[in-house]
Every structure is written in structure tokens, then in C-alpha cells.
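Protein chains in written order, with my numbering: chain L, 1 to 124; chain P, 1001 to 1112.
These aren't lab readings, by the way, just hints derived from the structure by calculation. Among the hints, erroneous ones may be present.
[Claimed, not checked] Negatives, chain P to chain L, calculated, CB over 10 Å:
no., residue
1, S1009
2, Q1016
3, S1072
[Unchecked claim] Here are some of the chain P residues that sit facing chain L, going by a computed Cβ distance under 7 Å:
no., residue
4, A1045
5, P1046
6, L1048
7, Y1051
8, Y1089
9, Y1093
10, L1097
11, P1100
12, V1101
13, G1105
14, G1106
[What the hints assert, rightly or not] Partner residues are not named here, just some residues of chain P that face chain L (Cβ under 10 Å, in silico):
no., residue
15, D1033
16, T1044
17, S1054
18, P1057
19, S1058
20, D1087
21, Q1091
22, G1104
Beta carbons are placed, not taken as given, at the ideal position from N, Cα and C, and that holds for glycine.
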Amino acid sequence: QVQLVQSGAEVKKPGASVKVSCKVSGYTLTELSMHWVRQAPGKGLEWMGGFDPEDGETIYAQKFQGRATMTEDTSTDTAYMELSSLRSEDTAVYYCATPHQLELLGINYAMDVWGQGTTVTVSS
Amino acid sequence: QSVLTQPPSVSGAPGQRVTISCTGSSSNMGAGDDVHWYQQLPGTAPRLLIYANSNRPSGVPDRFSGSKSGTSASLAITGLQAEDEADYYCQSYDSSLSGPVAFGGGTKLTVL
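Given these sequences and hints, build the entire structure.
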């Protein structure tokens, strides 16, 4: 059973960067494709980017290209999402999620396992 | 504005049936791409409810069902229960610049 455990809440000043981690247990990170989704307070879900297993590359939503960087440390089975040049509008809960069982069905762009979320607050 | 359009809210009494619509376009559902549905209880992470239009993951009650036709999809909940009060999101693959993962704006279900 795959579990995703994320790092704790962060408070950052505008212009700073934040790096959120997502630790995988039950499987190895190399067996999974990781995506990142965020949710601003009182708002809906917003996909930021994720790994495309067909291309073997990480794809970013146009809105986050150049500002978000998604990386992996396979030695610790931990995925990371770093967001730079933070502004108040980046205040949100950030989730890592993966199409664990779905990928076996050929569904690469939906998520059936989610982390618990990491609250990032950007405030001066 | 979301690529997929959902009503902001729906409501129903316990035991009733409610449906939540999700309208897309030729860059997602109209292109044959599947729709998936998520349930988000207050203060929790989203949970996959329906995948590939009409399939339920293990553990999801059969009170929840999904369908898709052309550029529209629907989530139906029968025998409404108080614990169903949550936000519901549709999601599809999208080939436009905003893609490839597109979410609807979400629908708040209130159990009266």
C-alpha cells in the first residue's frame, strides 16, 4: 500500500522560495509517477506539474514554468517541489499525488493516492 | 476560470439522489478523454471517487456512479447521507495550453 507523507507547514516572505517534500512508503519512488496539485484557501484544485512516463520527463503547467521545480531523490524515495519568487497568491495547501493503480490501467493523468498536504503561507 | 465547468453548489435531503454536472470541450472530453471525479471532505486531501468515467476504486460505495457523453459528464449520488457533504471535483486530460491535467472548479454538496 503506497503512502505519501509530506513535510510540515511553512511560512515564507514574498520573494523567497519554498521546498516541499513528499516521502514515499510501501513502494519505491522509481515505480511511481509523481504530480503536484495545490489549493488556495477556499478555492479549487490546481495542477502544477508531474512526471509523464511516456516521455520520461516532468511536465509543468504553463503558469508554473520557470518558477516550479520538481525533483526526486531515489535514494530516500522522496519527491520535492520547489517554488521560487513566492507571492501572496502562492499561499495554499500543496499536495503530492500519484496515479499508483491507475497507471497500471494506462491512466497517467489522474491520481489515486494523495499526500496529506503541506500548508505554505506567504506573508510579509 | 476552469477548463471544466461545474455548478458551484448542489443540495439534497438524506436519501435523495443528486447529480453534479461537468462540462468540457473539444480539447478534453470531446476529444475522447476520460473524466475522473474526486471527493474532498473538509480539511482533508482529495479522494478518487470515480475513474475513467464510470469506474469505482475499491472501497467506494456503489451509491456513487459516473457517466460521460460527448463533452459532458455527470456524477450521481443516490441514497444521500450526511457524510457525503463535501466538495466534488471533476478532472480530465486537456490538450490546451492549460493542460494536461484540468480540474473543474468544484461543487459543494450540502446535505439538508
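Now the hints, each set against the structure:
no.	hint	result
1	S1009	holds (13 Å)
2	Q1016	holds (25 Å)
3	S1072	holds (18 Å)
4	A1045	holds (4 Å)
5	P1046	holds (6 Å)
6	L1048	holds (4 Å)
7	Y1051	holds (6 Å)
8	Y1089	holds (6 Å)
9	Y1093	holds (5 Å)
10	L1097	holds (5 Å)
11	P1100	holds (6 Å)
12	V1101	holds (4 Å)
13	G1105	holds (5 Å)
14	G1106	holds (4 Å)
15	D1033	holds (9 Å)
16	T1044	holds (8 Å)
17	S1054	violated (13 Å)
18	P1057	holds (6 Å)
19	S1058	holds (9 Å)
20	D1087	holds (8 Å)
21	Q1091	holds (6 Å)
22	G1104	holds (7 Å)
Consistency note: the structure conflicts with earlier hint 17 alone.
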